[in-house]
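Engineer: The residues making up each chain are set out below.
There are 2 protein chains.
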Amino acid sequence: MQSFPPSFRRLVHELTRLPSIGEKSATRLAYFILRQEDGFGEKLAGAIQHACTTIGLCKTCFFLSESEQCQFCSDPGRDPQLICVVEKPMDIIAFERMGEFRGLYHVLHGLWAPLRGQGPESMKLRELLHRTKGGEVEEVIIATSSTVEGDATALYVAAQLSEQGVPSSRLAQGMPKGGELEYSDEVTLSRALSGRSRIHSS
Amino acid sequence: MQSFPPSFRRLVHELTRLPSIGEKSATRLAYFILRQEDGFGEKLAGAIQHACTTIGLCKTCFFLSESEQCQFCSDPGRDPQLICVVEKPMDIIAFERMGEFRGLYHVLHGLWAPLRGQGPESMKLRELLHRTKGGEVEEVIIATSSTVEGDATALYVAAQLSEQGVPSSRLAQGMPKGGELEYSDEVTLSRALSGRSRIHSS
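Each protein sequence line maps, in turn, to chains E and R.
Start counting the first sequence at 242; every next residue gets the next number (the numbering used here).
Start counting the second sequence at 242; every next residue gets the next number (the numbering used here).
Think of the hints as simulated: they come from the structure by calculation, not from any bench.
A few of these clues could be false.
Same chains, same names: a pair is fine if it fits in one copy or spans any two.
The list that follows gives simulated cross-link-like pairs (lysine-lysine, DSSO-like), each with its CA atoms no further than 27 angstroms apart [as the list claims (entries may be wrong)]:
| id | residue 1 | residue 2 |
| --- | --- | --- |
| 1 | K329 | K365 |
| 2 | K265 | K284 |
| 3 | K365 | K265 |
| 4 | K265 | K418 |
| 5 | K374 | K329 |
| 6 | K374 | K265 |
| 7 | K329 | K300 |
| 8 | K374 | K300 |
| 9 | K284 | K418 |
| 10 | K300 | K418 |
| 11 | K265 | K300 |
| 12 | K418 | K374 |
| 13 | K374 | K284 |
| 14 | K365 | K418 |
| 15 | K365 | K300 |
| 16 | K329 | K418 |
Using the sequences plus the hints, can you model the full thing?
Structural biologist: Written out as structure tokens, the structure reads:
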């Protein structure tokens, strides 16, 4: 890094704080930003600044929002008795892309990951329990990822909800669409087997 | 992308314009930036803004500089009769890390790459020829990469310098330090063979 001008080094330093961006990538990115001629750097800086000042979290479900309540929580056409719990805002977009879910959401913004030092307090769980304690919610669908941490979080959240008497469910696990048996891992296959359904229900 | 707040979508859009950042990566980066709690986004935006306004190119060699002349061109201890030509500013850092070169530099900011529609005018070649036409430069070391485009550029630049009667040289090509013969490609091996040197000069 020696020999680059100070403001270039500062930019590289800030860029290395982004996930999976090392010093080489950061240097290339910084050079790219400076080489653009259409005011790209100013636009990028403006977009970051603007996003940081205008975007907050919805007071109810913690999805990204520019107002107190997000577009889902303020939509009267949504069913407030059904809550889908996800890890991060991007997961909601996947759900919306599917287009079949009409309930509300709750973003945990984290998982229960003891190995990474993240306990239950690192996620928005207390806020979920606050939403469900009124007794109006009929089902909480826990849609965390099918990973070790996602599974552990789902079990933990389900146990907490159970204490309130709120029923919870988990997304089905099995073969993904287009998945080939030959290349399936053992856990996926085992779960697909134990969750099998009858073809003829006669 | 549907359903994210507008200022989040704008940030994602700007981030996708960075090299090798697709929409998924940009969304993750945007979420990461917003999730940091120590004013990270503001610092990053400030660093980009500051770099864009303060960093320009050295009027002589076109290295990144905050003043008219870069640290190398304004260093009286450097030999102005020797110029090392590189593609991008990062290449100068590699040279400086080696620590054996005491001449000046010239950054082309591009290569002659006809397949990508970049002709000789896309690099700072005219500016190099302007530097060398006085007849004071004794040697130009053309240190472009050992790629097809790097080699083509070197030949092209050398031909232009030759018309001015300025001698030019190219970095040696051969086995890299630690390179194993078994895994060497044909071109590297062929160049290492033709450029072999005697062990005993008796």
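Engineer: At most 27 angstroms between alpha carbons: which applies to K418 and K374, within, between, both or neither?
Structural biologist: neither (37 angstroms within a copy, 67 angstroms between copies)
Engineer: When no copy is specified for K265 and K284, does a C-alpha distance of 27 angstroms or less occur within a copy, between copies, both, or neither?
Structural biologist: both (23 angstroms within a copy, 20 angstroms between copies)
Engineer: Can you give me the call for K265 and K300, within, between, both or neither, at a CA distance of at most 27 angstroms?
Structural biologist: between (39 angstroms within a copy, 26 angstroms between copies)
Engineer: Check K329 against K365 for me: Cα-Cα at most 27 angstroms, and say if that holds within a copy, between copies, both or neither.
Structural biologist: Answer is within; shortest intra-copy Cα gap is 11 angstroms, inter-copy 47 angstroms.
Engineer: Which holds for K374 with K284 at a C-alpha limit of 27 angstroms: within a copy, between copies, both or neither?
Structural biologist: neither (45 angstroms within a copy, 40 angstroms between copies)
Engineer: For K329 vs K300, is the C-alpha pair at or below 27 angstroms within one copy, between two copies, both, or neither?
Structural biologist: Within one copy only: 15 angstroms inside a chain, 48 angstroms across chains, cut-off 27 angstroms.
Engineer: My question is about K300 and K418: at a cut-off of 27 angstroms on alpha-carbon distance, are they close within one copy, between copies, both, or neither?
Structural biologist: neither (36 angstroms within a copy, 59 angstroms between copies)
Engineer: What label fits K365 with K300 when the C-alpha limit is 27 angstroms: within, between, both, or neither?
Structural biologist: Classified as within: same-chain Cα gap 11 angstroms, cross-chain 54 angstroms, threshold 27 angstroms.
Engineer: What label fits K374 with K329 when the C-alpha limit is 27 angstroms: within, between, both, or neither?
Structural biologist: within (23 angstroms within a copy, 61 angstroms between copies)
Engineer: Please sort K365 with K418 into within, between, both or neither, judging by C-alpha distance up to 27 angstroms.
Structural biologist: For K365 and K418, the Cα distance exceeds 27 angstroms both inside one copy (31 angstroms) and across copies (53 angstroms).
Engineer: First find the shortest C-alpha distance between K374 and K265 inside one copy, then the shortest across copies, and answer within, between, both or neither for a cut-off of 27 angstroms.
Structural biologist: Neither: 50 angstroms inside a copy, 35 angstroms across copies.
Engineer: Should K329 paired with K418 be assigned to within, between, both, or neither, using CA atoms and 27 angstroms as the limit?
Structural biologist: Answer is within; shortest intra-copy Cα gap is 23 angstroms, inter-copy 46 angstroms.
The structure fails hints 6, 9, 10, 12, 13 and 14 (numbered hints given earlier, in ascending order).
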